[in-house]
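Just need the whole structure built from these sequences, with the hints factored in.
Protein chains: 2
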Amino acid sequence: MVKKVISLEEAKRRLEEGWRPLPRVEEVGIWEALGRVLAEGVRCAVDLPPFDRAMYDGYAVRAGDTFGAEEDAPASLRVVGRVEAGEWPSVRVGKGEAVRIATGAPLPPGSDAVVMAEDTVEEEGEVRVYRPVSPWENVWRRGAERRRGEPLLPPGRVLGVREVGALAAAGVGRVRVYARPRVGVMATGDELEEPGRRLGKGKIFNSNGPMLCAAVASCGCTPVWLGVSRDSPRELRRGIERGISRCEALVISGGTSEGERDLVPSLVSEMGRLLFHGLALKPGKPTLFALVRGKPLFGLPGYPLSALLVFRLLVEPFLRRMAGLPQPSPPSVRARLAEEVGKARGREELIPVRLEGGLARVVRKGSGAITSLLEADGYLRAPRERERLRKGEEVEVILFGGGESV
Amino acid sequence: MVKKVISLEEAKRRLEEGWRPLPRVEEVGIWEALGRVLAEGVRCAVDLPPFDRAMYDGYAVRAGDTFGAEEDAPASLRVVGRVEAGEWPSVRVGKGEAVRIATGAPLPPGSDAVVMAEDTVEEEGEVRVYRPVSPWENVWRRGAERRRGEPLLPPGRVLGVREVGALAAAGVGRVRVYARPRVGVMATGDELEEPGRRLGKGKIFNSNGPMLCAAVASCGCTPVWLGVSRDSPRELRRGIERGISRCEALVISGGTSEGERDLVPSLVSEMGRLLFHGLALKPGKPTLFALVRGKPLFGLPGYPLSALLVFRLLVEPFLRRMAGLPQPSPPSVRARLAEEVGKARGREELIPVRLEGGLARVVRKGSGAITSLLEADGYLRAPRERERLRKGEEVEVILFGGGESV
Chain A
1 MVKKVISLEE
11 AKRRLEEGWR
21 PLPRVEEVGI
31 WEALGRVLAE
41 GVRCAVDLPP
51 FDRAMYDGYA
61 VRAGDTFGAE
71 EDAPASLRVV
81 GRVEAGEWPS
91 VRVGKGEAVR
101 IATGAPLPPG
111 SDAVVMAEDT
121 VEEEGEVRVY
131 RPVSPWENVW
141 RRGAERRRGE
151 PLLPPGRVLG
161 VREVGALAAA
171 GVGRVRVYAR
181 PRVGVMATGD
191 ELEEPGRRLG
201 KGKIFNSNGP
211 MLCAAVASCG
221 CTPVWLGVSR
231 DSPRELRRGI
241 ERGISRCEAL
251 VISGGTSEGE
261 RDLVPSLVSE
271 MGRLLFHGLA
281 LKPGKPTLFA
291 LVRGKPLFGL
301 PGYPLSALLV
311 FRLLVEPFLR
321 RMAGLPQPSP
331 PSVRARLAEE
341 VGKARGREEL
351 IPVRLEGGLA
361 RVVRKGSGAI
371 TSLLEADGYL
381 RAPRERERLR
391 KGEEVEVILF
401 GGGESV
Chain B
1 MVKKVISLEE
11 AKRRLEEGWR
21 PLPRVEEVGI
31 WEALGRVLAE
41 GVRCAVDLPP
51 FDRAMYDGYA
61 VRAGDTFGAE
71 EDAPASLRVV
81 GRVEAGEWPS
91 VRVGKGEAVR
101 IATGAPLPPG
111 SDAVVMAEDT
121 VEEEGEVRVY
131 RPVSPWENVW
141 RRGAERRRGE
151 PLLPPGRVLG
161 VREVGALAAA
171 GVGRVRVYAR
181 PRVGVMATGD
191 ELEEPGRRLG
201 KGKIFNSNGP
211 MLCAAVASCG
221 CTPVWLGVSR
231 DSPRELRRGI
241 ERGISRCEAL
251 VISGGTSEGE
261 RDLVPSLVSE
271 MGRLLFHGLA
281 LKPGKPTLFA
291 LVRGKPLFGL
301 PGYPLSALLV
311 FRLLVEPFLR
321 RMAGLPQPSP
331 PSVRARLAEE
341 VGKARGREEL
351 IPVRLEGGLA
361 RVVRKGSGAI
371 TSLLEADGYL
381 RAPRERERLR
391 KGEEVEVILF
401 GGGESV
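Note that the protein sequences, when read in sequence, are chains A and B. Counting from 1, one number per residue, gives the positions in the first sequence under our numbering. Counting from 1, one number per residue, gives the positions in the second sequence under our numbering.
Be aware that a few hints might be false.
[Said to hold, decoys possible] Capping the alpha-carbon separation at 30 Å, the derived lysine-lysine pairs in DSS-like fashion look like this:
no. : chain 1 : residue 1 : chain 2 : residue 2
1   : A       : K201      : A       : K95
2   : A       : K95       : B       : K201
3   : B       : K4        : B       : K201
4   : A       : K12       : A       : K285
5   : B       : K4        : B       : K343
6   : A       : K201      : B       : K95
Source of the hints: derived by calculation from the structure; they are not laboratory data. Since we're looking at a predicted model, the values are computed, not measured.
Here it is as structure tokens:
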């Protein structure tokens, strides 16, 4: 049934054409906003700073009163009050007067500069100023950073630690962000058993379920585990129906090849529109994409390494677009091939490699081997037109992400 | 009160000496394990694969029966049954016999190889084999990847998408991981108002609270917001008591300098042991570290940029150790300084910069300016013994993380 295979690029083109992700928007408080993506630009709710603010502990003065002050000839001013951070000044600074002021406190009316405490001596209600200040020296003018209503953050900005701080400072308590898309994950196969249970004869553990749910979460989406479907058209159809009604996209692993029990291609053709089936890619040939009731359905190979590689190359970019996140940019390094690698012409190959002192060594275990997932540091993409890669040839190794960036 | 300042390195040494983080351990299911850190090594619960497994669709045979087979002279074998993935074979392969087998299905007893379907033709209960196979060809031998009980993942491994898949495949349903430490966050200051509320006269919004909670979460810890404490010894003491009883560590911002309302240093000296107060670092001088009832308490400067930089350099490494995570390795780039930068000798300076076409341009807004957080791409560390950095000098810029890696 996998008759007419297409390239990864053609597959991406058909996805683009067949389906435009429309991110949903929701509102969240800034305390819960870390890692979310702004759906709308945000403007300052207040002037930043909100008032003329003292930069240091010292005295609020009229700058003109300090002109000419020096070590030998200090200006002497009468201290008429004090103002702390968080207070609003109740006193006015007149000519020849000063108000003691704390860092961050608002400047009293009449004053236009702050003399730093270290340039003064206070005694019996008088402060001697030993260094002149110019107008607005040591003062953060109201609105100097941003005026109320001015743009603070653009739409599409991912909210990290710094952005959360800036939103808070600007008085923005809630923001409109893209909602995390709900993505259904299903594994198919009579042989699959739940990890942690006792393994029946002839069974293997369901590794794609937990792995693909984790992969979905790593794309800023909420995974919805739909369970294992036996290789029965009725059960599989029911699972897809359930997933389509509860989720915004579906990812199914297994059952996508050309064997008698590979039920997914014919079933989704019946239920919706199959946009492609079969990639000129190794591993990853039995990959399909369909629209069922207008919702995207990705069918991935059953082998874990194959499933994960196709997920990263094809599914992740789309899920990230649904989530409003920027496109993935996995880190990569250049390395020399430790050995010659033969391949079939006419299809791209994804070759898992381990990095050893600047050399890329092929992890040859087959895509069914789960431990190749652990032993490879990344993979290289061998172009479809090549028949072999030479030993010592420089290649780009796309690194598997660390476990943390999730 | 900030009299004897110490270097960042000396501060780290005192932290190390004063307090050894002891991570707590908890058990989680692998479906919830993404991003967690293994507290103990994990062994395979089963052989991987659990049985001799067919790699392809085809026929399970005795390899010896196919020796000498070729295009013109196929070996002819009697088909005595079939076995699908997930089934356990009920039939034995005798001499001259074959069993039809699906990818992933267990080899029937008696057979020792799989002939790929594409090398055969089946007709009237007989299969003609046009290519010989050697013993165990196209078979994944039981335990070939790992034997039951063999190590799968080492302690300290961060569980990413691939690790979750490998754990599942190996039948491991639950793992022992480091618990996320609960870290209390408090902001101090009479001037602080909750973001989203109306701003009172002389007040500013509490930006450090949400920002430091986000920063704590970015270190694999669970932030516990303890609220804003007014500058009152009674309220501050009550907040610290509450935090110490509910959390494993505390981070307090503001009130750590030398003004009259900087109550944190004297209060924590009374309540516990002050290990240092004052860093030879700009910004970041009013930083302190204390142990209160044996629990670590970090006092950070009140200015947001200062607080975040000190958090990244001093607090993050320790929180990550509590969480069992590897030490931070923020990405950095080399760039040339766009301008000369003067600094005071005798203290290290952290200088926020913006990157523009390979040039590092200083963001000069002061550490109180919240927008410097947004406009800087990272910062450089100007060594304490330098008095100026030259225009065009190559510097290392430590990048602020993207918002996603949280």
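Hint by hint, here is what the structure shows:
no., hint, verdict
1, K201(A) - K95(A), "95 Å, violated"
2, K95(A) - K201(B), "25 Å, holds"
3, K4(B) - K201(B), "37 Å, violated"
4, K12(A) - K285(A), "14 Å, holds"
5, K4(B) - K343(B), "20 Å, holds"
6, K201(A) - K95(B), "25 Å, holds"
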